[in-house]
Amino acid sequence: MKRPRRQSRHGLLTGVASDASMFRLLAIGLVAGVFSALFGVGGGIVIVPLLVVAGLPARAATGTSLAAISLTAAAGATAYAFHGDVKPGAAALIGIPAMFGVIGGVALQQRIAGRTLTFGFALFLAAVGIRLLV
Amino acid sequence: MDVLAAVLGFVAGVLAGLFGVGGGILFVPTLVLVLGLTQVHAEATSLLAILPTVLVGAWRQHRYGNVDWRAALFVGLGSVAGVEGGVQLAKTLPEDTLRRLFAVFTLLVAANLAWRALRPKPAYPSRNDSA
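Residue numbers (the working numbering), protein chains in the order written: chain S, 7 to 140; chain C, 4 to 134.
Please note: incorrect hints may appear among the correct ones.
[Unchecked claim] Rough simulated footprint, nothing fancy, chain C against chain S, three-plus residues with beta-carbon under 8 angstroms:
| id | segment |
| --- | --- |
| 1 | 28-35 |
| 2 | 51-59 |
| 3 | 77-84 |
| 4 | 90-99 |
| 5 | 104-111 |
Rather than coming from a laboratory, the hints here were simulated on the basis of the structure. Just so it is clear, CB atoms sit at the ideal spot from N, CA and C, and this is done for glycine as well.
Sequences are here, hints too, so could you generate the full structure?
Have a look at this one:
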């Protein structure tokens with residue numbers, strides 16, 4: 007397994023920059039915000055394709071989506087907290103292990119295409135969806 | 004149950020990093036089915052649990068040069084405006100309806116992932132592809 011080449015020091019600071027219009031980006035955020043709070047998810051499934059349509063490269067769209075979701079999730083959790091719906095103990099129980107998991111996941115993403123894995127995840131999610139429906 | 008929830012949390016993190024989805028979409032069912040939270044409580048709690056995950060994920064992606072910070076800021080600001088609408092909608096809908104809607108959403112994401120896996124060109128090209 008070849009270790010992916012990191013960006014140069016200059017690239018580290020600048021990352022990527024698109025010329026997507028501010029209003030378009032705000033509109034993407036608005037849609038994603040409603041969606042995120044309604045379903046308790048980050049909204050990456052909405053943000054990533056819309057950013058690609060707005061002209062970002064696919065990989066930059068996934069990275070940028072994660073950065074945007076930090077604001078979305080903070081706002082969503084705060085809004086729900088005012089209604090007393092947030093359970094901090096349960097959030098820590100799954101959120102802290104997930105924090106370590108995501109480091110492994112992002113590193114793996116640079117190395118593998120993983121179609122079988124993607125398909126397996128799709129099947130698993132379908133099973134979860136059916137379990138929640140019935 | 005707590006150990007199972009923590010393990011599922013870790014797995015959700017790995018999948019979130021891999022596919023760019025999978026944090027919340029796995030947190031919510033874990034909270035409902037394993038820890039027995041209501042759908043609204045699970046969604047609210049999921050959003051808090053997502054926060055450390057996406058912060059670490061964004062930091063890692065930044066190190067790979069994959070974050071457009073200007074775009075992230077504007078999308079993030081736009082989402083703050085939309086969040087209250089989503090919260091009101093979730094609190095207005097009956098619990099069962101919200102859970103079923105979430106289930107349908109999960110099935111759609113599953114279909115999207117399956118399509119990504121089966122079509123000829125990968126949606127998220129590897130580092131060597133032109134991105």
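Structure-based check of all given hints:
{"no.": "1", "hint": "28-35", "in the structure": "holds (count 6)"}
{"no.": "2", "hint": "51-59", "in the structure": "holds (count 4)"}
{"no.": "3", "hint": "77-84", "in the structure": "holds (count 7)"}
{"no.": "4", "hint": "90-99", "in the structure": "holds (count 8)"}
{"no.": "5", "hint": "104-111", "in the structure": "holds (count 8)"}
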